[in-house]
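Peer 1: Sequence:
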Amino acid sequence: MTFFFHYLTRKRKRRRAQRISSKAQHDAANDTSIEDLPTHIVIDILSRLSLKPILVSRCVCKTWNLFISDPLFIFNNHNTPELFLRTDHSTTTCISRALHWVDTATSNYHSDLRFNLPQRYSKYEIVNSCNGFLCLSKSLFKNPSIICNPVTGEYVTIPKPQNDPTMTVNVVAAFGYSSKTNQYKVLRLVLSTSFFRIAELYTLGTRTTFSWRRLGFAPLAPIGGLFPTYLNGVIHWACDDPETSHFIVAFDFEQECFCVVPPPSHFDAKQKKKENLYYMNMGVLCGCLSICDVTCSTHFDVWVMKEYHVQQSWTKQFSIDNCGLCRPIKLVANGDVLLMFCKRQGLTLYDPVEKNIRYLEIRNAHSIAFQAVTFAPSFVSLRDVVGVDGLKVQIDRSRFDKCELHEEAETLFLVERNLPEVLLEHLYIW
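Start counting the sequence shown at 2; every next residue gets the next number (the working numbering).
In short, the hints are calculated from the structure, not lab data.
Incorrect hints may have been included.
[Said to hold, decoys possible] Here are the computed lysine-lysine pairs in the BS3-like style, where the Cα-Cα straight-line distance is at most 30 Å:
# : residue 1 : residue 2
1 : K143      : K331
2 : K331      : K317
3 : K356      : K317
4 : K181      : K331
5 : K63       : K53
6 : K356      : K331
[Stated by the list, open to error] Have a look at the derived ranges for each label pair, beta carbon to beta carbon:
#  : residue 1 : residue 2 : range
7  : V311      : R384      : 34 to 42 Å
8  : S320      : V61       : 44 to 52 Å
9  : S180      : Q313      : 23 to 31 Å
10 : H267      : L67       : 50 to 58 Å
11 : E355      : R384      : 47 to 55 Å
12 : V354      : Q313      : 23 to 31 Å
13 : E417      : Q163      : 49 to 57 Å
14 : K307      : T81       : 16 to 24 Å
15 : N233      : Q163      : 29 to 37 Å
16 : V333      : D385      : 53 to 61 Å
17 : S180      : F218      : 21 to 29 Å
18 : R59       : S266      : 44 to 52 Å
Beta carbons: idealized from backbone N, C-alpha and C, even for Gly.
Construct the entire structure; sequences and hints are all you get.
Peer 2: Encoded structure:
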């Protein structure tokens, strides 16, 4: 009897296990994971993510990494411009190579993602960004030296131009893209011994020193101390030329020619004075060229060119009390304008509705200054840009090292504080 009881019990357990197994197999057959979707749909979903979720997705498994490495994803991924900070340390022998990504989509504006720039030189500066690539120059003479992609870690070294005894070392550089020829180009304006600016152009992918082409004289003299502004294949500077009222000079990388962009029509001789041009900071807001007029001691105005190259389309977007603020960086998700503050270690947010200003102090940065730059991160490989016969593409292996310099391993925190009273004492900036 006991034997028969155990036999029935085992039989019931076996049948129950079979039912559970059959149900699990049935459920598994009906369940669909994201990997079961067609490749183009998965890539379309991933391409809609912002930078950090994409990087996290790449680390999930080999399959997802292959999705993100797929040319279809790279082509369809169009990230919006992101804010990055690079800190300059107090030491005179080393400048931090770390680019700290600032998450402006959240209210705390934290920075927990870092990219390392190539460890090629001890000192360098960011010239400008273009389609996710950065152009770096040597700090001493401002000569453009490296094009890199911080996301992929790839970089190429730009060949040096031919030595010319009639050229000085005073260089103004820029980097841009021609959509017509699908080529990236580097521009440098060199001051000759006769005090004329000579324009030279290099097309990325050509190897030799002779690849630098001389375009002739630059018609206007850009003020080299200001950050150039790149928009839709054209680089912009403020310039100093007493013979024209148009002080915005531009270079079109597609047409390979210079032009002038008309400023707001109300600008008069006051804005055109050379000492005021150093405060005419340009930028890009919502895909439009913007200019910051700080010639008034009580406030500054942010103008936006709604239709490119049409003077009548300049619109005064904001008028902000002048308390030590300078150029607009970007319009963040909640509508606030993120403004860079040049005198102290921090950023500011201006709320155009409430008309108030919030100060974001940068913490844990062992540095004396910082540089803020916005660009849309890209997963495009530099190998696809320079071609098989072009420059040698290198990968910065130090980004994978376990041991990092102390200043490179820092994590930045942006902490909101009351606007320091000392800022109210500043009438002018920079």
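Peer 1: Which of the stated hints cannot be reconciled with the structure, identified by number in ascending sequence?
Peer 2: 16
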